[in-house]
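Quick note: the sequence shown uses the numbering used here, first residue 1, plus one each step.
One thing to keep in mind: the hints can contain errors.
Restricting the straight-line Cα-Cα distance to at most 27 Å, the calculated cross-link-like pairs of lysine-lysine (BS3-like) are [said to hold, decoys possible]:
id, residue 1, residue 2
1, K514, K472
2, K93, K33
3, K269, K252
4, K160, K304
Please keep in mind that the hints were generated in silico from the structure rather than gathered at the bench. Quantities reported herein were computed from a predicted structural model and do not represent experimental measurements.
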Amino acid sequence: RIKVLQKDLSTLVTNTQIACDAKMVLQRRLQGKAQAKRLAMLENDSTSSQEKADEILKGQFENFLNRKGISEDLQKALKKQQKLYSTIIHDKKAIINELVQALKFQDDNYASTLRKNTEEINVMIARMEDQIKLMTKVYREELAQIESRHRQEISILLTKDKEELERELKRLWDEELERLNERKKRLEEYKKEVHEIGQESNYVFNALDYERCSRILAHEREHKKNANSNLPLKMKKHLYMEKQEILLTTLKSIKGRITREAREIEKLKNIYIDHQKKFAKQSIALTDYTQYIEKHERIKSQVKHFAAADARRFEEVWLMIEEEVKHLAQRALAIDSVISQQLYGSPKNQTDLNLLLLSSPFRPWKTRTEIVQAEFQLVESPAESQVENLDTTGSTTEEELVFTDSGPEWEEEKLNEDMQEELRELLCNEMDFLMEAKILKLLAPLVTEEQTGVKLGSILYTLGIDEKDLPKLTDFLVRYKDQQNEQTGESHRASVASTSLDLIHPNHVLCALKSFLEQQSFRTSSAQELSRLWLAHARDSSKDAAYWNSLGNIIPEDRVKLWDSTLRTLKQYHTVLTDISELTQEQECLKDENTELRLKID
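Let the hints inform the model, and build the full structure from the sequences given.
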């Protein structure tokens with residue numbers, strides 16, 4: 001459809017050009033014919049006038065030769081000459097009238113052609129506007145189709161990416177479930193082994209107790225049988241009853257122990273079922289939490305992208321408008337200087353625009369990190385002084401450590417892996433009071449490495465420390481010990497490769513953690529101050545109105561009033577000049593009429 005419309009437009013343009021060329025050729029032909037006709041008429045007139053002039057001159061010459069003739073012949077010759085002059089004048093007037101008529105006819109034709117041309121131009125403009133509207137409509141439709149296709153492609157790509165992401169998440173979730181199932185199986189195996197070992201120990205203990213009791217009873221029975229063979233039968237019965245009571249009491253105690261063990265087993269089973277339910281709920285909540293985090297990150301990235309695009313667009317529009325307004329202001333100053341020079345004769349040079357304007361409040365767009373890095377030096381010095389003055393308690397120096405995590409210095413003094421493992425074990429051993437007793441009981445059958453990993457994660461979560469800050473914490477503990485040695489007057493420093501007890505005493509771990517948490521909270525507050533500082537510095541629109549007012553009021557009020565007065569005087573001067581031009585035209589017309597009348601009179 002667009003190709004057909006473009007072809008129609010090209011044919012329309014070519015047709016209009018051909019029509020214009022044909023009209024020009026026709027007008028030239030008509031003008032050539034009229035010009036040839038005028039030339040022929042003028043030639044005929046010139047020949048006839050030449051012949052008559054020759055006759056007049058011939059008659060005058062004959063009269064000059066025959067001066068001695070009769071006066072009547074002279075009178076006849078004069079009359080004849082007058083007739084010839086009158087015929088010549090009549091012919092000239094006729095020719096003049098014909099030329100005037102031809103001129104009027106050409107003027108009428110010219111006016112009619114102008115009207116026709118204007119009408120045709122208007123028609124062509126209307127047709128071109130219709131064509132333009134149609135083309136814009138078609139282009140918009142095509143653009144809408146292209147946008148719809150792009151949107152479909154983008155939606156297809158998004159669906160593909162979502163499917164791939166879901167597949168990856170499903171794969172990761174399946175792997176995590178497999179790991180959890182393996183851990184459950186291992187836990188069940190450990191529980192079965194513990195239960196079997198407990199039952200075996202109970203059975204062995206009961207059997208040994210029963211054998212011991214039976215041996216004691218048999219030994220007593222034999223001993224008393226030998227010793228009391230001479231006692232009466234009643235005494236024997238009494239002793240037998242006492243022995244039976246002792247056996248019954250021992251059996252009752254064994255049964256009570258068995259029932260208590262069965263109750264404890266039931267309690268453990270119930271606890272295991274409750275833990276399974278809690279774990280299922282926590283896994284569901286964890287999946288929801290991961291989904292919410294991913295959604296939040298996507299929205300955050302989109303917001304950052306759109307904010308950056310809006311800021312760049314704002315910068316481009318600002319610079320474009322500022323350039324246009326400055327160009328207009330420069331032009332106004334140039335006009336002012338021209339007016340002052342030409343109209344008032346004052347040699348005023350053009351003033352510089354930069355001297356009259358205020359400083360532009362606009363600053364180039366920067367990212368958040370660039371602005372924060374630029375302003376961090378202003379906030380860092382008071383922050384460090386405030387960290388140093390957190391606790392001033394006289395001679396006690398446990399909480400006077402200044403924690404600096406500047407990048408290069410910290411990277412050069414990193415601890416090795418063995419040192420970090422020792423410090424982690426020290427933290428787990430000294431801070432396990434923050435964990436519940438049930439969790440510690442559940443962690444008891446695990447390996448030492450797994451116990452330290454789980455304990456460390458729980459302790460960090462309880463204290464509100466991120467896992468990324470763990471190397472900073474270990475370095476902080478080493479620096480804490482070094483500064484303690486300096487302040488207590490010790491001559492040596494603890495080397496990096498020393499043991500955990502040489503690095504920091506276990507009794508000082510709690511104080512070191514306290515100071516670390518205080519400094520971390522202070523750094524987070526300083527980061528919030530930096531973010532507020534960035535928001536305040538990113539775009540300050542308080543000076544925009546004054547800047548644009550200075551651009552709009554580049555010409556002062558007295559100069560504007562002077563311009564108004566000069567405009568009024570120029571308008572008056574223009575009206576006077578138009579009146580003079582009209583009077584001169586009337587004067588020229590009157591002069592032409594006077595010359596014509598004089599010619600007629602003559």
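Here is what the structure says about each hint:
{"no.": "1", "hint": "K514 <-> K472", "verdict": "holds, 14 Å"}
{"no.": "2", "hint": "K93 <-> K33", "verdict": "holds, 22 Å"}
{"no.": "3", "hint": "K269 <-> K252", "verdict": "holds, 26 Å"}
{"no.": "4", "hint": "K160 <-> K304", "verdict": "holds, 24 Å"}
Every hint from the earlier list agrees with this structure, and none is contradicted.
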